[in-house]
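Participant: Once you've looked at the hints, go ahead and assemble the two chains, each given alone in its own frame, into the complex.
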Amino acid sequence: MNTALASTAFASDSIGSATMLLSNYVFPNDLHVHWSMMIVLYPYITGLVDGAFIIAALYYLFGVKSLRPVARFSLLFALAFLCCATLPLLLHLGRPERNFNMLLTPNPSSAMAGFGYIYAVSMGVLGFIILLVYRPVLVELRSTSQGWLKVLYRVITLDSIDVSEKALELDAKIIRFLVAIGIPVAAVLHGYVGFIFGGVKANPTWSTPLMPVIFLFSACVSGISAVILAYIVIRKLADQPIDHGCIITMVKTLTGFFILAFSFEMLEVFSHSYLKSGYHHMVEGLLNGPLASSFWFWQVKIGSVLPLLVLGIMGIFKLRSYLYNFLAAGVSGILLVQVLIMRWNVVIGGQLMSKSARGYTEFHPLWFDKEGIIAVIIVMAIPFAILFVLGKIFPFWAPENK
Amino acid sequence: MGFSYKMRLILVCLGIFVMAWVGFLFKSLLLPDSFGLYGHFRADAITEAVEVPVRHGTNSSCFKCHPFEAKIHKAGLHSTISCEFCHGPYADHVAVDKKTGTLPVKTGKQITTLCLRCHNTQIMARSEEVIKTVAMPDHLRNQQVKLTHDCNQCHHVHAPLKYINRAKQITGLMEKG
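Chains as they are written, first to last, in numbering that gives the first Met the number 0: chain P, 0 to 401; chain G, 0 to 176.
Calculated directly from the structure, the hints in this document are not laboratory data.
Cβ coordinates follow ideal geometry from the N, Cα and C atoms, glycine included.
Wrong hints could be hidden among the right ones.
What the hints assert, rightly or not - The calculated label-pair distances, taken between Cβ atoms and stated as ranges, are:
(1) VAL388/P - PRO31/G: 37 to 47 Å
(2) VAL53/G - HIS279/P: 44 to 54 Å
(3) LYS26/G - ALA201/P: 24 to 34 Å
(4) LEU30/G - ALA179/P: 31 to 41 Å
(5) ALA179/P - ASP43/G: 42 to 52 Å
(6) ALA291/P - ILE80/G: 35 to 45 Å
(7) LEU30/G - ARG94/P: 43 to 53 Å
(8) TRP366/P - LEU146/G: 37 to 47 Å
(9) PRO66/G - TRP366/P: 27 to 37 Å
Okay, chain G solo, but in the shape it has when bound (with noise of 0.2 Å):
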C-alpha cells in the first residue's frame, strides 16, 4: 500500500462512486418487474386485485330473493343502510346464484351490542341529526320498560320507527302537524 495520501482520497471518492453504482444495481434487482409499467406502482398489482374474488354484493341483490323484508327496509329510516352491515358479507350466503350458506341470525343481546355500534351515546365524533344516540340503559328507564328488553323489542331492526309510529296511532298520541 505504497499510495500517497492524495491517491488514497482519490480512491475513497472512486470507492463512493462504485457505491452508488452497486446502489443502482441492488435497486433494479430488488424491484419487482412490473413496477412503473403503468405508473408509480407494481402493475402486477391490478391483476392480482382483480383476481380476488367478490365477497359483497349490494342491497338489490338480496332484494331478489327477501321482497318482504326489502319492502319494509326500503320504507323505513333505515333504507339507506347495507343488509351486510348487520347480516354478513354476501359471499357466504350465496354463489352463482345459489344459496350456499345460511348467514348468522342475531338474537336477544346480540341485537343490542349491534344497534349500540352506531346508537351509542358514547360515540362521541357523532351528530345527533345524522344518528340518533341513546345511552344505555337510561333510554329504557326513560322508555319506562324493563331494562332487560333488547331493542327489537320496540324497534322493528329494518325501519325503527315502524311499530312506534303505529303504536302512536293506534293510541292518538300521534303528535300534530
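Just chain P, with the same shape it has in the complex (with noise of 0.2 Å):
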C-alpha cells in the first residue's frame, strides 16, 4: 500500500490536486482487481487470431502474391488460436457451464452473448476456408495416407476426390465469398472485445468510443507480428529457407497498422488530457502513478517508440536479406509483447483506479490461482499445441516452386 502511495504522490505532483489523490480512498468493492489475467489473455489471444486473418485474406481476396508463403499457414494459425479465444473467459467463470444460459437467452443488453455469436460464425467461416483452401491437398494426402488420417481426409474433403478445374474454381470463388465475409466477421470479432470494455460506462479508462479501434488495430498488429515470427522461427528451426518478399511485404503491412494502432493509442491519451472530462484528473493519476512503468516506459517508449524507430530505419535503408529477417523477427517480438502489455494496462489497469475518484488500490499476479501466471502460461501454450495437431493434418507451407 506504501508504494501505492507514494507513487499516487508523485501523481498529484504532476497533475496538482495533491490533497485529493493523496488521501488514498478506495471504496471497498473496488479493492480486489475482479478482471484479472485471464482477461487481459482473452483480447490477446482474439487480436492474435484477427491479426493472422488479415494476412490470410491479403493473399485470398486481395491478391497479394508476394504473401503466398505464410497465407495458408496465417490461416491454421488463426484457427489455432481461435479455438482457445473463450478459453480464458471461461476458466474467469465460477460456473463454466452457465456460459450456455447466456447464449439460450441473448438480452441485447448482454455484450457477452452477442460475443458468443460473433465467435462461433468467426469459427465457422474460419473452418471453412481452411477446408476449401487445402482441398486440394488434402485430396492428394488423402491417397498416401493410411488409418484414421485416411478416414479424417475423407471426412474433410467430403469424401470428394474431384480436383476439375471446373471443381477449383468453384473453390476458387466459395474461398473469396467467405474471406469476403470473414473480414468484417474477424474485424467485428475484435472490435466486439474492444465494445465490451467501451461499453463499461463506470470506468472512465474504457469507456471512450476509441476503445475498438485501438484494439482493432493492436489487434492486427499482434497478429502480423506472431505470424512473421512463427514463421522466420518455424523455418530457421527446420532449416528451410526464408521468403525475403514476403517477410517484407508483412513488415510494410505491420509499419501501417502500428502506426495506426500507436497513434490511436496516444490520441485516447490525449483526448483525456485535453477535453478534461468528468474523470480526467483519475486517468492522469493512473497513468503517471500506478500505471508509470507499464504505460510510459515499457508500453510507449520500449514497445512502440524503439520499434516505430526500427521499422523506420527498415523501411528507409536498404538492409540485407539476413539483417532485415533478424530486425523482423526483433520487432515482431517487441510488438507481440507491446500489446500484451497494452492489453495489461487497460483491463488490469482500468481497474487499479477506484469510483470514489480518490484512490488507487494495486494489483499482485499469485503464480499459483485459478487466474496465476502458471495458469497463463499453460492457456498460451495450449494454441501452439493445437497448431502443432494441425500442422500434422494440414501441411504448413505451399511448395515452393510454384
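Facilitator: Right under this line is the structure:
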C-alpha cells in the first residue's frame, strides 16, 4: 500500500490536486481487481486471430501475391488461437457451464452473448475457408495416408476427390466469398472485444468510442507480428529458406497497422488530457502513478517508440536480407509483448482506480491461482499444441516452386 | 454416394441449416416454461421468491418487546445499526408474535471480535469520518487499561460513548464547547 501511496503522491505532483489523491480512499468493492490476467489474455488471443486472418485475407481476397508462402499458415495459426479464444473467459467464470444460459437466452443488454454468436460465426467461416483452401492438398494426402488419418481426410474433403478445374474454380469463388465475409466478421470479433470494454460506462479509462478502434488495430499488429515471428522461427528451426519478399510485405503491412494503432493509443490519452472530462484527473493520475512504468516506459517507450524507429530504419534504408529478417523477428517479438502490455494496462490498469475518484488499488499476480501466472502460461501454450497437431494434418507451407 | 462435388457442398449448407433448426428446437426444450412471460427472466422466479420465508425484521419489531434497550440504542451513536447485525436474525427468535428461541448472547472476547468487524483499522477501505477505527491492542495501551479488557468494559455496546461521556461529566473533564 505504501508504494501505491508514494506513486499517487508522485502522480499528484504532476497534476496539482495532491490533497484529493493522497487520501487514497478506495471503495471496498474496488479493492480487489476482479478481471485479472485471464481477461487480459482474452483480447490478446482474439487479437492474434484477427491479425493472422488479415494476412490470409490480403492474399486470398486482395491478391497480394508475395504473401503466398504464409497465407495458408496464417489461416491455421488463426484457427489454433481461435479454438482457445473463449478458454480464458471460461476459466475466469466460477460456473463456466452457465455460459450456455447466456447463449440460450441472449439479451440485448448483455454484451457477452453477442460475443458468443460472433465467435461461433467466425469459427465456422474460418473452418470452411481452411477446408476449401486445403482441399487439393487434402485430396492428394488422402491417397497416400493410412488408417484413421485417411478416414479424417475423407471426412474433411467431403469424401470427394474431384479436383477438376471446374471444381477448383468453384472452390476459389467460395473462398473469395467466405474471406470477404471473414474480414468483417474478424473485424467485428475483435472490435466487439474492444466494445465490451468501451461499453463499461462506469470506468472512465474504458468508456471511450476509441476503444474498439484501438483494440482492432493493436490486434492486427499482434497477429501480423505473431505470423512474422512464427514464420521466421519455424523456417529457421526446420532449416528451410525464408522468403524475403514475403517478409518485406508483412513488415510493411505491420508498419501501417502499427502506426495507426500507436496513433490511436496516444490520441486517446491526448483526448483525455485535453478534454479534461469527468474523471480526467483519475485517468491522468493512473497513467502517471500506478501505471507510470508499465504504460509510459514499457508500452510507449520500449514497446512503441523503439519499434517505430526500427521499422522506420527498415523502411528507409536498404538492408541485407539476413539483417532485415533478424530485425523483423526482433520488432515482431517486441510488438507482441507491447500488445500484451497494452491489454494489461487497459484491463488491469483500468481497474486500479476506485470509483470514489480518490484512490488507487494494487494488483499482484499470483503464481498458483486459477488466474495465476502458471495458468496463463498453460493457456498460451495450448494454441501452440493445437497448431502442432494441425500441422500434422494440414501442411503449413505451400510447395516452393509454384 | 455418387453425388457431384457441387451437390456435396449444397448438402453441407443444408446440414448447417438443419443444425441451426435443431439448435432452436433444443433452445425451446431447454428454456423454462415461464421464461419471457413478463420480461427477460423466468416469471416463476417471482412466486418462488415470494414463498421464501422472511428471516429479518426491523429495529422497530425488536423495540416492541425491548423498550429498555430501545431507549439506550436510539440515543447512542449506534442508533442506525440494525439489531440483527449483532444479535442474529429475527426469525430465530420470534415467529407469529411468539418467542420461539433465544438468540445467542456474545460474551468476553466474542464481543471484541464482533466490534472489530467494523472498528478495525485493518479494514483499509473505510473513512475515519464514517466509522471510528482502532488497532488492537494499541488502543488499550493508549487508554491505559489492562490489555485483557474487552470492549464492553468501557463502551456500552448500544451507545458506545454513554459511559465515557458520563465519566467525563463526573470527573469534570468534559471538553469545553
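Participant: Confirm or reject each hint.
Facilitator: Evaluated hints:
1. VAL388/P - PRO31/G: 37 to 47 Å: Between VAL388/P and PRO31/G, where Cβ atoms are some 40 Å apart, the hint holds.
2. VAL53/G - HIS279/P: 44 to 54 Å: Check passed, 47 Å falls within 44 to 54 Å.
3. LYS26/G - ALA201/P: 24 to 34 Å: holds (32 Å)
4. LEU30/G - ALA179/P: 31 to 41 Å: Holds: the Cβ-Cβ distance is about 35 Å, inside 31 to 41 Å.
5. ALA179/P - ASP43/G: 42 to 52 Å: holds (46 Å)
6. ALA291/P - ILE80/G: 35 to 45 Å: Since the Cβ atoms of ALA291/P and ILE80/G sit about 42 Å apart, the hinted range of 35 to 45 Å holds.
7. LEU30/G - ARG94/P: 43 to 53 Å: Distance hint for LEU30/G, ARG94/P is violated at roughly 19 Å.
8. TRP366/P - LEU146/G: 37 to 47 Å: holds (39 Å)
9. PRO66/G - TRP366/P: 27 to 37 Å: Given range 27 to 37 Å: violated, Cβ gap about 58 Å.
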